[in-house]
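Engineer: With the hints as constraints, model all of the structure from the sequences given.
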Amino acid sequence: GIQVEQSPPDLILQEGANSTLRCNFSDSVNNLQWFHQNPWGQLINLFYIPSGTKQNGRLSATTVATERYSLLYISSSQTTDSGVYFCAVERQTSYDKVIFGPGTSLSVIP
Amino acid sequence: DSGVTQTPKHLITATGQRVTLRCSPRSGDLSVYWYQQSLDQGLQFLIQYYNGEERAKGNILERFSAQQFPDLHSELNLSSLELGDSALYFCASSTGDGGDTQYFGPGTRLTVL
Numbered sequence: 080g081i082q083v084e085q086s087p088p089d090l091i092l093q094e095g096a097n098s099t100l101r102c103n104f105s106d107s108v109n110n111l112q113w114f115h116q117n118p119w120g121q122l123i124n125l126f127y128i129p130s131g132t133k134q135n136g137r138l139s140a141t142t143v144a145t146e147r148y149s150l151l152y153i154s155s156s157q158t159t160d161s162g163v164y165f166c167a168v169e170r171q172t173s174y175d176k177v178i179f180g181p182g183t184s185l186s187v188i189p
Numbered sequence: 005d006s007g008v009t010q011t012p013k014h015l016i017t018a019t020g021q022r023v024t025l026r027c028s029p030r031s032g033d034l035s036v037y038w039y040q041q042s043l044d045q046g047l048q049f050l051i052q053y054y055n056g057e058e059r060a061k062g063n064i065l066e067r068f069s070a071q072q073f074p075d076l077h078s079e080l081n082l083s084s085l086e087l088g089d090s091a092l093y094f095c096a097s098s099t100g101d102g103g104d105t106q107y108f109g110p111g112t113r114l115t116v117l
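Here the protein sequences line up with chains P and Y, keeping their order.
Using this note's numbering, you'd call the opening residue of the first sequence number 80 and step up by one each time.
Using this note's numbering, you'd call the opening residue of the second sequence number 5 and step up by one each time.
Hints were generated in silico from the structure; no laboratory data involved.
Hints should not be assumed to be uniformly reliable.
Unchecked claim - Once the Cα atoms are required to be at most 20 Å apart in a straight line, the calculated SDA-like pairs of lysine to any residue come out as:
#	chain 1	residue 1	chain 2	residue 2
1	P	133	P	99
2	Y	61	Y	13
3	P	133	Y	13
4	Y	61	Y	41
5	Y	13	P	174
6	Y	13	P	117
7	Y	13	P	118
8	Y	61	P	99
9	Y	61	P	117
10	Y	13	Y	85
11	Y	61	P	174
12	Y	61	Y	71
13	P	133	P	118
14	Y	13	Y	57
15	Y	13	P	123
As the list claims (entries may be wrong) - Using C-beta positions, here's what the derived DEER-type ranges look like:
#	chain 1	residue 1	chain 2	residue 2	range
16	P	119	Y	24	36 to 42 Å
17	Y	69	P	137	28 to 34 Å
18	Y	105	P	143	17 to 23 Å
19	Y	44	P	134	33 to 39 Å
20	P	103	Y	12	33 to 39 Å
21	Y	14	P	186	39 to 45 Å
22	Y	81	P	101	22 to 28 Å
23	Y	14	P	143	39 to 45 Å
24	Y	67	P	118	29 to 35 Å
25	P	159	Y	57	37 to 43 Å
In this text, all values refer to a predicted model and were calculated from it rather than measured experimentally.
The beta-carbon is built from N, C-alpha and C at its ideal position, and this holds for glycine as well.
Structural biologist: In structure tokens form, the structure reads like this:
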């Protein structure tokens with residue numbers, strides 16, 4: 080089945096720093112989303128981005144579907160950005176219709 | 005607030021028991037997805053319903069079953085519970101039959117003792 084990898088697995092940032100999170104996938108997909116799971120466990124949708132680039136405030140994302148990767152950029156990080164960031168890919172198959180990556184755990188320290 | 009509701013928030017039960025988790029999708033959404041999040045397996049897709057019909061089936065155990073009702077709410081039934089079923093169970097909803105944004109509920113934390 081399709082493999083989804085995320086890097087780095089863990090990241091510690093000083094408040095105000097920038098970072099880039101990466102998601103690689105091993106096969107073609109119909110959809111890709113980025114999520115933030117906050118320390119209380121809530122999964123928050125950040126981007127729906129099967130291809131191209133999107134920006135939302137300090138966050139932006141780029142997906143290059145032909146090369147099977149997506150990047151999430153966090154600029155001027157804040158302590159509230161802490162948590163785990165997941166990418167999830169969606170396919171038209173049944174069994175592995177949605178596959179989540181293992182996540183990047185981000186800690187932003189003041 | 006995503007607009008997706010899940011009840012209960014927490015559930016503690018014993019091995020061998022049966023429980024039902026409930027999910028109400030966002031207004032207007034026709035798809036409901038169920039996921040399990042555990043420490044060792046990560047986030048895993050279980051099953052998807054669209055407008056009352058099963059559309060995709062992932063890594064869902066035979067002891068687990070789900071359905072989507074005419075009012076579009078969904079229930080996930082877990083039976084013959086084992087210690088390893090302890091996890092966070094999420095539902096998500098989307099407008100169409102896949103290929104669009106999924107919005108997640110707050111989750112139900114199940115503890116099997």
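Engineer: Which earlier hints can't be squared with this structure?
Structural biologist: 2, 3, 5, 8, 9, 13, 14, 16, 17, 21 and 22
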